[in-house]
Amino acid sequence: MVDILGGIVQAFQLIFAGDVTLYGIVCRTLLFSGVAVLLAALWGTPIAMVLALKHFRGKAIVKTFFNSLIGIPTVVLGLILYLVFSKSGPLGFLGLLYTPAAIILGEAILVTPILISITITAIEAVDPEVLLLAKTLGASDSQASMAVLKEALNGFLLGNIASFNRAIAELGVALLVGGNIVGLTDVLTTAISRYTQRGELDFAIALGILLLVIVFAINLLIIAARKVKIIFELWRSPQ
Amino acid sequence: MQTWQKLLLVAVLSTILFVSSALVYFHHFVKRRLIISTTTSLYDTGLLDIIEKNYEASHNVDVNIISVGTGMAIQHAQNGDADVILVHSPSMEQTFLEQGYGENRKIFAYNFFTIVGPTADPAGISGRPVKEALHCIVNYGRNLTDQSGQTKIWVSRSDNSGTHLKEQALWQAAGYNYTSVSTEPWFACVGSGMGDTLNVANQKSAYTLSDLGSYLTFRRGNAASLSALITEEQELLNVYSVMAVRSSVSGNQSVHEQVNYEDAMSFIKYLVSPETQQMITDYGKETCGQSLFFGAVQPLTTNSPHPVVDWIKSYAFFDGSECPPQYRNGYPELYP
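Taken in order, these protein sequences are the chains called A and B.
All the letters of the first sequence, read from the start, carry residue numbers 1 to 239 under my numbering.
All the letters of the second sequence, read from the start, carry residue numbers 1 to 336 under my numbering.
No lab work stands behind these hints, which were simulated from the structure alone.
Here the structure is a predicted model, which means the values were calculated and not measured.
Even glycine gets a Cβ: it sits at the ideal position worked out from N, Cα and C.
Chain A residues, not near chain B, derived (Cβ > 10 Å throughout):
(1) 63
(2) 71
(3) 126
(4) 131
(5) 134
(6) 165
(7) 169
(8) 211
(9) 231
(10) 234
Keeping only pairs whose Cα atoms sit at most 25 Å apart, straight-line, the calculated DSS-like set for lysine-lysine is:
(11) B/53 to B/31
(12) B/269 to B/53
(13) A/63 to B/6
(14) B/131 to B/313
(15) B/269 to B/31
(16) A/150 to A/63
(17) B/6 to A/54
(18) B/204 to B/131
(19) A/150 to A/227
(20) A/135 to B/6
(21) A/59 to B/6
(22) A/150 to B/6
(23) A/135 to A/59
Here chain B is said to cover these stretches of chain A; the calculated rule only asks that three of the stretch's residues, wherever they fall, bring their Cβ under 8 Å from a Cβ of chain B:
(24) 34-47
(25) 95-102
(26) 178-191
Start from the sequences, fold in the hints, and give me the full structure.
Next comes the structure, spelled out in structure tokens:
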């Protein structure tokens, strides 16, 4: 049987020895997922604002569309993107297949529906009075919608974190459009799959531990940030 | 202009900025790339890591290795997504050459497939010829008391890789129809790489077909209870060849013009050079106690060791040559 305990011990040795390959993969993963969420937030926020605040025909259908895209299997999206970015595909002339840019774009597309859905929910949860009040106080349309967005900040932040977690934990897109090339496009999940295949389980376990630690740390950070915000506002409010 | 319109404009502009800076970066500031699509067995054993390191040390090019099955490697080549492919399925290679997607094929290594299974060997295949062994496995599987599909006796790659094609050919040769035998309850299809398949076989105490290199690497890392029960037979020969993806494919011109043909040929020459061939043969002697692969270039030119060379010729040669003249393009030094 597999020596689980021995594997974990060796994994911790690798982590504390500061193995270059190991931390290279971690840095790449954080960078790719971070930029992907940034792009997704840029696209997603205006779309979410429109869907939450405007009224138009077919709005329910568009919302349902984004909601159902949340569950798209990452390999399916990976396959579609491979066909698109392949040299014989429609965007093949860009030559982006098997580059980090392809992973970042793919992950951004992957997380956009989550970001949009959570942001819509957050904006809709804001009391509609806020929009009306802002307008009666003489705010312009855009000032009023910014006021609503500020009220929805917590939900918006949550959407970003959920997106980051999805991006960092996905395998299909990074594997199919990134190619899992050592030192260029291998991220935590694809590297774990490679080292498992190769039977280098200590390395795979070490990467797995780091992946869990990162996800956990980010969620802790958010909770901490919220607490700090509440304390800050309590301290500010008497003035 | 409303807020969301402004935000959307910012989003579109920054996406364009991102893509164009990525394009500029990858086309002007990075070393030339040589993309190698390879069968998993060469990659998972770690052999290619060393070849990549040595090659990059002496050549100004960035070697990018994509590890997939032989079927996908050939698909990559047809789409123009790879510059060189390393594969091990002569029948697929022949079709590939005939369709005009590749050229300058060189056989560069060989080893043997092996049937691995639980050390206790419940079906009693050890030491038998392959065909008989498969008969034993089928009989054992059909006579199991548990026919619910929970107990698996044979694990198949089922991923259209070179190993999978070899497995199908072996079933065929033993007188079974692969499609019907693969639906029987004791037969497991996993659809993934060699390492995963060995994992499943190990967990399920089942038999499977593996290339020797992957099995030895797997055993080193896993304290596995699997043993190699049959090996070194003509039917189990495994031949690896390298091909360059053609840069002029009729009807697919624009795609294939971007193929890095120069570096591909330089890599092929490096792969068949005496030093690299020696390195391939020596690989694994220290860590696994025996060679995982054998260089094939020298045996083919000197005609020894005797039976193996004849086996390679009858198994992996097309029209009596490793690369018939119509599939060559220059580089006469490759074909003395």
